[in-house]
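Spelled out from the first residue to the last, the chains are:
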Amino acid sequence: MNALKNPRLLGMLAVVIVLAAAPIFFAEQNYAMRVVTVGMCAAIAVYGLNIILGFTGQLSLAQGGFFGIGAYGVGLLTTDFDWSFWSAFIVTIIGTAAVGYLCGLIALRTKDEYFAIFTMAIGFIIFLVISRWESVTHAHSGVNNVKFPEGGGIIDFESPVAMFYLVFVILLICIYVTHAIRRSSVGRTLLTIRTSEDLADAIGVRVGFSKQLAFAASAVLGGIGGGLYATVVGFIGPDSASIDKTFEFLMFILVGGMGTVAGPLLGSMIVTFLFELFQDFQAYRFIVLGPIIVALVIFAPRGIIGYLGGIVDRRSRKQKIAEARRTADGASPEYDTAKSGTVTSGIDPEETK
Amino acid sequence: MTLLEIRDLGKRFGGLDAVKDVSLDVEEGRITAVIGPNGAGKSTLFNLIHGYYRPTSGSVTFKGDDITNSSPHHAVADGIARTFQTTHLFDDSTLLENVLAGRIVRSKSTIFDAVFHTPRHRRESRINKDKAMEALEFCEIDTHRHDLASNVPQEVQKRTAVAMALATEPELLLLDEPAGGIPEEETTDFGNLIRSLPKRGVSVLLVEHKMSMIMGLADTILVLDHGQKLALGTPAEIQSNPDVIRAYLGSTAEEKK
Chain A
1 MNALKNPRLL GMLAVVIVLA AAPIFFAEQN YAMRVVTVGM CAAIAVYGLN
51 IILGFTGQLS LAQGGFFGIG AYGVGLLTTD FDWSFWSAFI VTIIGTAAVG
101 YLCGLIALRT KDEYFAIFTM AIGFIIFLVI SRWESVTHAH SGVNNVKFPE
151 GGGIIDFESP VAMFYLVFVI LLICIYVTHA IRRSSVGRTL LTIRTSEDLA
201 DAIGVRVGFS KQLAFAASAV LGGIGGGLYA TVVGFIGPDS ASIDKTFEFL
251 MFILVGGMGT VAGPLLGSMI VTFLFELFQD FQAYRFIVLG PIIVALVIFA
301 PRGIIGYLGG IVDRRSRKQK IAEARRTADG ASPEYDTAKS GTVTSGIDPE
351 ETK
Chain B
354 MTLLEIRDLG KRFGGLDAVK DVSLDVEEGR ITAVIGPNGA GKSTLFNLIH
404 GYYRPTSGSV TFKGDDITNS SPHHAVADGI ARTFQTTHLF DDSTLLENVL
454 AGRIVRSKST IFDAVFHTPR HRRESRINKD KAMEALEFCE IDTHRHDLAS
504 NVPQEVQKRT AVAMALATEP ELLLLDEPAG GIPEEETTDF GNLIRSLPKR
554 GVSVLLVEHK MSMIMGLADT ILVLDHGQKL ALGTPAEIQS NPDVIRAYLG
604 STAEEKK
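Chains A and B, in that order, are what the protein sequence lines are. Counting along the first sequence from 1, when you hit position 343 you're at 343 in my numbering, and nothing is skipped either side. Counting along the second sequence from 1, when you hit position 153 you're at 506 in my numbering, and nothing is skipped either side.
Chain B extracted, bound-state conformation:
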């Protein structure tokens, strides 16, 4: 089943088309990847899907509902979570507190519940804690839960960002360069974490630069160049696509032919 449908999506900044006429289907239970050279519009595409930018053309449909012009907090409430390219965490808080912040969107208790300590508030606090712990365990960082986010290694920070996103109970997770800044030898572990997401009922759309990781991970790959679709297909198809090779290796490759 198609979870996310992107149709002819475009975003103009002044005279520049950051993203132009991009269409993509994200299938449920699959890992879909977006690759492309720097400035190809990958992050812009994410920002458009998540509602951080308003598209200038096209549409985004999630589970059959049009979410083209909805705001990020609606997107999260609907079940689309995201992580950022540069890891965004609450540095002065522990990992557990960070992941608990992801529970805000699913919390219904108000200030009155907090002041009068209602059963609903107590029940919700307990559920939030359980879900946060579960997300930490899933990302295998629960032993770090009382460490400050600024004190843990980069890889743990990246995992925390994923755990925080998972705490919002998404159906689709947008990962913007999840393995960026992680040493090569740890990317395998991180790849395994991403691979285990669909089994948890979370489909994945990710942007990544590390080719070795993408090729072994993604079911479908979209290649962007100058904001436009260059190719779409399975890893094998993409690897042998002449347009992709040209975009990645530059025009010199063509001249040598």
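Chain A with its partners taken away, still in its complex shape:
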């Protein structure tokens, strides 16, 4: 019953239920279904970005590259090598984990803006390999007829609704894992690193190792998103690994809110919707989207969820502070009088009630 009082959980539930119900409204419109499903694939990759950027505070610009590795891994293995989707998917996930871990070994020797530039270079190298290595990746002709997931005779994944729910379930798992990380000591470790690496070091956090794991985990989620994207769309070209993808993901997370549980999902859905809305304007859509993002960065730098979460946090903290004061009043009045000078100095006592 406590859960019903938690506005954060309620909000998350509302978004998930709306999304889960989407096929009821769009089931007959294959195009709309596909747009939402592709948006969810991107959201999975954005949850990856959330781990390294939102939690750990390292701006990785290689996420589009890992998305591309995921897409091409599944794409090439199911077509040229004729593997089943599931085996290709699993091998691709392991592959992106390995590539992510190795890239992290070098990239994480750098810090801050150098890390951003370095990972951008990694993303660009991945894009170049995919767009130029014609004998393997077919370069600009792309990969056609990526296999649908095998349903084992029970589910037919050729139906857009079945595909929608497949991506939806994997997305839910990503959301739950994000939630679990956030409230565990693992999340506390990453947030500690984000705030201050020196302080993290001083309280015994294994900074390098934790960053390494966070980077590998973000790469894995990028790969999962990419792999699903390949099977949803059926055709992939080099632009699925391009640097534009990275900045798309970055926009999703900025709009939704970095380091939050619901932010990547909400951001991905809203921006995908806006992209579709301005589809007709093509190159001009950024004239409208640009100011929206500028306004967001100025007025809600922590994104939509970060902004709402801030309000919720302040309110619950006020309650807790007032409660702590009350119990302190009852339990040890002499302590309170001794300290009252410092206790009330910063906070207006009226406000806490």
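Keep in mind that the hints were calculated from the coordinates and are not lab data. There may be inaccurate statements among the hints.
[What the hints assert, rightly or not] To give an idea of the interface, some chain B residues facing chain A are shown, with a C-beta separation under 8 Å as derived from the structure:
{"id": "1", "residue": "Lys-373"}
{"id": "2", "residue": "Pro-425"}
{"id": "3", "residue": "His-499"}
{"id": "4", "residue": "Asp-500"}
Note that CB positions come from ideal geometry on N, CA and C, so glycine has one too.
On the provided structure of chain A, position chain B as indicated by the hints.
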């Protein structure tokens, strides 16, 4: 028993000896202080002990194990915690969350425990919360536990830094100017907090500028000047040591003699 043994420790930055040939024994259950003028190498010494810098010579031994070249997170895991001269806290987090961060080093549960919500994870979360609360109570700031670190007075922030360090369950606590920036009238309270640490099984090594506080607090004092040992002894011995008086009052004191 000697907890920490420093032998001929040295650190060169380019051509400058920040710390040179410093030896010091930190006894268990005692408060040991390091004093000296600005730039005497006090903070560098701390950074060397805690593994933030690699020494260029000498050795550091903790509980009989050589930790000369170990990294800070190993030092914390071994039982050496520290606070910084400028208070380092997580400003956007509450005091309780800050102190909980100190529990990370003692947490064994992995991401899988968190995802599957295993009994180990639940047990550990509970223990962490209890230990953090205990550290907050010990530092007498538990009524502030839901306040943001950036919203509380300087003295409470300093106490939070100590509580965070205590949450790592150290045997030795390195305090770098714990009373720096605290109004004079509150240093007595803070001194009492430091004095109560050895009773809790935490030995203390501290750097401090406030002489009045040090003299009433420390069992042993090491005086550093230009990175080298100037004197070592009890507060009474240090106060009457002519070398120390000269270093602190400058050469004019000598000329006047």
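Verification of the hints:
Against a cut-off of 8 Å between C-beta atoms, the interface hint on Lys-373/B is violated, since the closest Cβ of chain A lies about 25 Å away. Against a cut-off of 8 Å between C-beta atoms, the interface hint on Pro-425/B holds, since the closest Cβ of chain A lies about 4 Å away. With its C-beta approaching chain A no nearer than about 4 Å, His-499/B sits inside the 8 Å limit, and its interface hint holds. Interface hint at Asp-500/B: satisfied, since its Cβ lies 6 Å from the closest Cβ of chain A, which is below the 8 Å cut-off.
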